[in-house]
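Asker: Next come the chains, spelled out residue by residue.
Protein chains: 2
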Amino acid sequence: MAKSKISLIQELLSQTTASPFKNIISDNQEYVFTGSHKLLLEGTDFDLVYTPLNHLGYKAALSAFGPLYAKGFTPHSLSVRIGMSKKIGITQLEELWKGISAALKEHSAEYIELDLSSSLTGLTISLSSQGKQKRETFVQHNSCKSGDLLCLTGSLGAAYLGLQILEREKRLFEERGVQPQLEKYKPILRAFLNPELDKTLPDLMTSAGIFPSEGDFVINGLADSVKSICGRNNLGAKIFMNRIPVFSAAMEVAEELNIDPMTAAMNGGEDYRILFAIPQSQYEAVQKELPQLDIVGHLCDISAGTKFITPDGSELELKAQAWNETE
Amino acid sequence: MAKSKISLIQELLSQTTASPFKNIISDNQEYVFTGSHKLLLEGTDFDLVYTPLNHLGYKAALSAFGPLYAKGFTPHSLSVRIGMSKKIGITQLEELWKGISAALKEHSAEYIELDLSSSLTGLTISLSSQGKQKRETFVQHNSCKSGDLLCLTGSLGAAYLGLQILEREKRLFEERGVQPQLEKYKPILRAFLNPELDKTLPDLMTSAGIFPSEGDFVINGLADSVKSICGRNNLGAKIFMNRIPVFSAAMEVAEELNIDPMTAAMNGGEDYRILFAIPQSQYEAVQKELPQLDIVGHLCDISAGTKFITPDGSELELKAQAWNETE
Numbered sequence: 000m001a002k003s004k005i006s007l008i009q010e011l012l013s014q015t016t017a018s019p020f021k022n023i024i025s026d027n028q029e030y031v032f033t034g035s036h037k038l039l040l041e042g043t044d045f046d047l048v049y050t051p052l053n054h055l056g057y058k059a060a061l062s063a064f065g066p067l068y069a070k071g072f073t074p075h076s077l078s079v080r081i082g083m084s085k086k087i088g089i090t091q092l093e094e095l096w097k098g099i100s101a102a103l104k105e106h107s108a109e110y111i112e113l114d115l116s117s118s119l120t121g122l123t124i125s126l127s128s129q130g131k132q133k134r135e136t137f138v139q140h141n142s143c144k145s146g147d148l149l150c151l152t153g154s155l156g157a158a159y160l161g162l163q164i165l166e167r168e169k170r171l172f173e174e175r176g177v178q179p180q181l182e183k184y185k186p187i188l189r190a191f192l193n194p195e196l197d198k199t200l201p202d203l204m205t206s207a208g209i210f211p212s213e214g215d216f217v218i219n220g221l222a223d224s225v226k227s228i229c230g231r232n233n234l235g236a237k238i239f240m241n242r243i244p245v246f247s248a249a250m251e252v253a254e255e256l257n258i259d260p261m262t263a264a265m266n267g268g269e270d271y272r273i274l275f276a277i278p279q280s281q282y283e284a285v286q287k288e289l290p291q292l293d294i295v296g297h298l299c300d301i302s303a304g305t306k307f308i309t310p311d312g313s314e315l316e317l318k319a320q321a322w323n324e325t326e
Numbered sequence: 000m001a002k003s004k005i006s007l008i009q010e011l012l013s014q015t016t017a018s019p020f021k022n023i024i025s026d027n028q029e030y031v032f033t034g035s036h037k038l039l040l041e042g043t044d045f046d047l048v049y050t051p052l053n054h055l056g057y058k059a060a061l062s063a064f065g066p067l068y069a070k071g072f073t074p075h076s077l078s079v080r081i082g083m084s085k086k087i088g089i090t091q092l093e094e095l096w097k098g099i100s101a102a103l104k105e106h107s108a109e110y111i112e113l114d115l116s117s118s119l120t121g122l123t124i125s126l127s128s129q130g131k132q133k134r135e136t137f138v139q140h141n142s143c144k145s146g147d148l149l150c151l152t153g154s155l156g157a158a159y160l161g162l163q164i165l166e167r168e169k170r171l172f173e174e175r176g177v178q179p180q181l182e183k184y185k186p187i188l189r190a191f192l193n194p195e196l197d198k199t200l201p202d203l204m205t206s207a208g209i210f211p212s213e214g215d216f217v218i219n220g221l222a223d224s225v226k227s228i229c230g231r232n233n234l235g236a237k238i239f240m241n242r243i244p245v246f247s248a249a250m251e252v253a254e255e256l257n258i259d260p261m262t263a264a265m266n267g268g269e270d271y272r273i274l275f276a277i278p279q280s281q282y283e284a285v286q287k288e289l290p291q292l293d294i295v296g297h298l299c300d301i302s303a304g305t306k307f308i309t310p311d312g313s314e315l316e317l318k319a320q321a322w323n324e325t326e
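Protein chains in written order, with numbering that gives the first Met the number 0: chain A, 0 to 326; chain B, 0 to 326.
Among the hints, a few may not be true.
Copies of the same chain look alike in the list, so a pair counts if it works inside one copy or between any two.
Below 35 Å or equal to it, Euclidean Cα-Cα: the simulated DSBU-like pairs (lysine-lysine) are [what the hints assert, rightly or not]:
no. : residue 1 : residue 2
1   : Lys237    : Lys85
2   : Lys104    : Lys133
3   : Lys183    : Lys198
4   : Lys133    : Lys169
5   : Lys144    : Lys185
6   : Lys198    : Lys133
7   : Lys2      : Lys318
8   : Lys86     : Lys237
9   : Lys237    : Lys4
10  : Lys287    : Lys133
11  : Lys237    : Lys2
12  : Lys318    : Lys85
What the hints contain is simulated information worked out from the structure, not anything from laboratory work. Quick caveat, the model's predicted, so the values are computed rather than measured.
Construct the complete structure from the given sequences, taking the supplied hints into account.
Answerer: Right, dumping it as structure tokens:
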């Protein structure tokens, strides 16, 4: 590097709307705070062949904000540590930073911290975020119980299918030099490369008097989030197949790729949605005030297990990769 | 893996004294909280050839706790994300975890979170920690000013020299098959592989009525910490060479390696010490109540720059790697 690390960091920080932080202390009695922590590794979590760096930066920041929203918090600060491989020069770093900055601005995060180191292997991005919530509206999560509704903030499966298209086109290019034809896949590629996270939801819910009893960021498929909520709270769940919102443009692509769209939704990942548990008593408020939420099932006693109910009423065991006994 | 990721994580978590956390919220009005974030990359931050995994885990946790102590906080929670390379099987992971668990126990951290993913390249460890402090004794840092004393919690340089010995022995073994002879280097190897972080300091300081105005975890050499404190607060500093505590056993090794021990102290790194700024008015209290602190210099107006004063009174520019204009 021609510049010192410190001056490069200062330059990047000056490009954001968030203030740099070094000694951020949660001493504001008006708010309660929570944290979220994420590690993204090249080759495992992203592929630079088809992921533009500004999209990667944006998605990385969102993946640290998502778990905050899932707990009813809004982003307060973000700390980013980047291990830069040889492929990543200052220009590439600036692209990555553009995406991170866009997410900071869009989600009104107030403070940002950055540190850079060199990575002998792949690009590595570690993120630690803090979220805040007004103390007066704060409801302790983990208070959910059998009967609570499981509500989802958007459709599923498109991002996973987008990823499969990009993987296929990469293979075709590498093996046979075929130029990628991506025009017709735009909507599902957008779902993968440019996911959206609804920042208005915490306020909308508070105004509507809807207080989730639990929440999980849907990043590894819906099944994983259902299992996570059940695992944390010692509960079971029923998810109804005909209630799962599958992204409409995904159906055709799923057929082309010979992938079951329901599998993409349940186990695909990269959806950037939130699964909330909401007390049954708030059913009417959800229907009336938050029609954008899909009620996909409900929590049960642990003895009922975690089940996936098909339209004909059959109960299947809900499967999620990290939760299975053998992988 | 024969076990699912979830059951492996649960098994590891059950081995610590800290409770697992999923939804940890800083809602305790008795305390204020702060965070620290660290990314450790194989090849850049550690070398598995000569770093036993339990030592690596212990050091990794301490490197996340150090910045908390530097701000006057004690560890509350730790979140660890590990990218496991192919070399790291369950046995190796358990060794790494032993070290992390030991640090958690020793530093009375109450909550722990763990996530595992696979790394196509090297072992990657990301840590995000939270520290707490009683609201009644909390003093906002960044209140330091010209004249404040710069006080150090222990000797410097040994860890860096220990690292150089290990690097040399690794080279000799790889190039000529020479078996490492490490017996005589024990004290300095211990400084590198098994650093100590004094957990009693925040309480000792509070009891003695000593309230630092700033603090920095000394992990990249003393010069870097001095520059960090000056940079954050728009101040200059003077550091006196004859006040720098160099680890006694290090002198001989420094000569053997042809390394200036003062360079090892100022720029070596891996010391796991803390540099506090303490108001001048507390000078006598420091001398009397905390003789383990070395007063190595003081803060100045920014116009004075950051200077290193030799015993004959010459003023040299303080140099720290990340802060120089060209590297």
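Asker: Evaluate each hint against the coordinates.
Answerer: Consistency of the hints with the structure:
Proximity of Lys237 and Lys85 under a CA criterion of 35 Å is satisfied in neither setting, with 48 Å inside one chain copy and 37 Å between copies. In this assembly of identical chains, Lys104 and Lys133 lie within 35 Å of each other by CA distance both inside one copy and across copies; the values are 20 Å within and 33 Å between. For a Cα distance limit of 35 Å, the shortest separation of Lys183 from Lys198 inside one copy, 29 Å, qualifies, whereas the shortest one across copies, 60 Å, does not. For the homomeric pair Lys133 and Lys169, neither the shortest alpha-carbon distance inside one copy (46 Å) nor that between copies (55 Å) is at most 35 Å.
Neither within a single protomer nor between protomers do Lys144 and Lys185 lie at most 35 Å apart by alpha-carbon distance, with minima of 40 Å and 56 Å respectively. Within a single copy, Lys198 and Lys133 get their C-alpha atoms as close as 16 Å, and across copies as close as 33 Å, so both meet the 35 Å cut-off. In this homomeric assembly, Lys2 and Lys318 come within 35 Å of each other (Cα to Cα) only across copies, at 15 Å, whereas the closest approach inside a single copy is 50 Å. Taking identical chains as interchangeable, the C-alpha atoms of Lys86 and Lys237 are never at most 35 Å apart, the minima being 46 Å within one chain and 40 Å between chains.
Taking the shortest alpha-carbon separations for Lys237 and Lys4, only the inter-copy value of 23 Å comes in at or below 35 Å, while the best intra-copy value is 52 Å. In the homo-oligomer, the alpha carbons of Lys287 and Lys133 lie at most 35 Å apart inside one protomer (25 Å), although the nearest pairing across protomers, at 44 Å, exceeds that limit. Within a single copy, Lys237 and Lys2 get their C-alpha atoms only as close as 56 Å, which misses the 35 Å cut-off; across copies the closest is 25 Å, which meets it. In this assembly of identical chains, the alpha carbons of Lys318 and Lys85 lie at most 35 Å apart only when taken from different copies (26 Å versus 39 Å within one copy).
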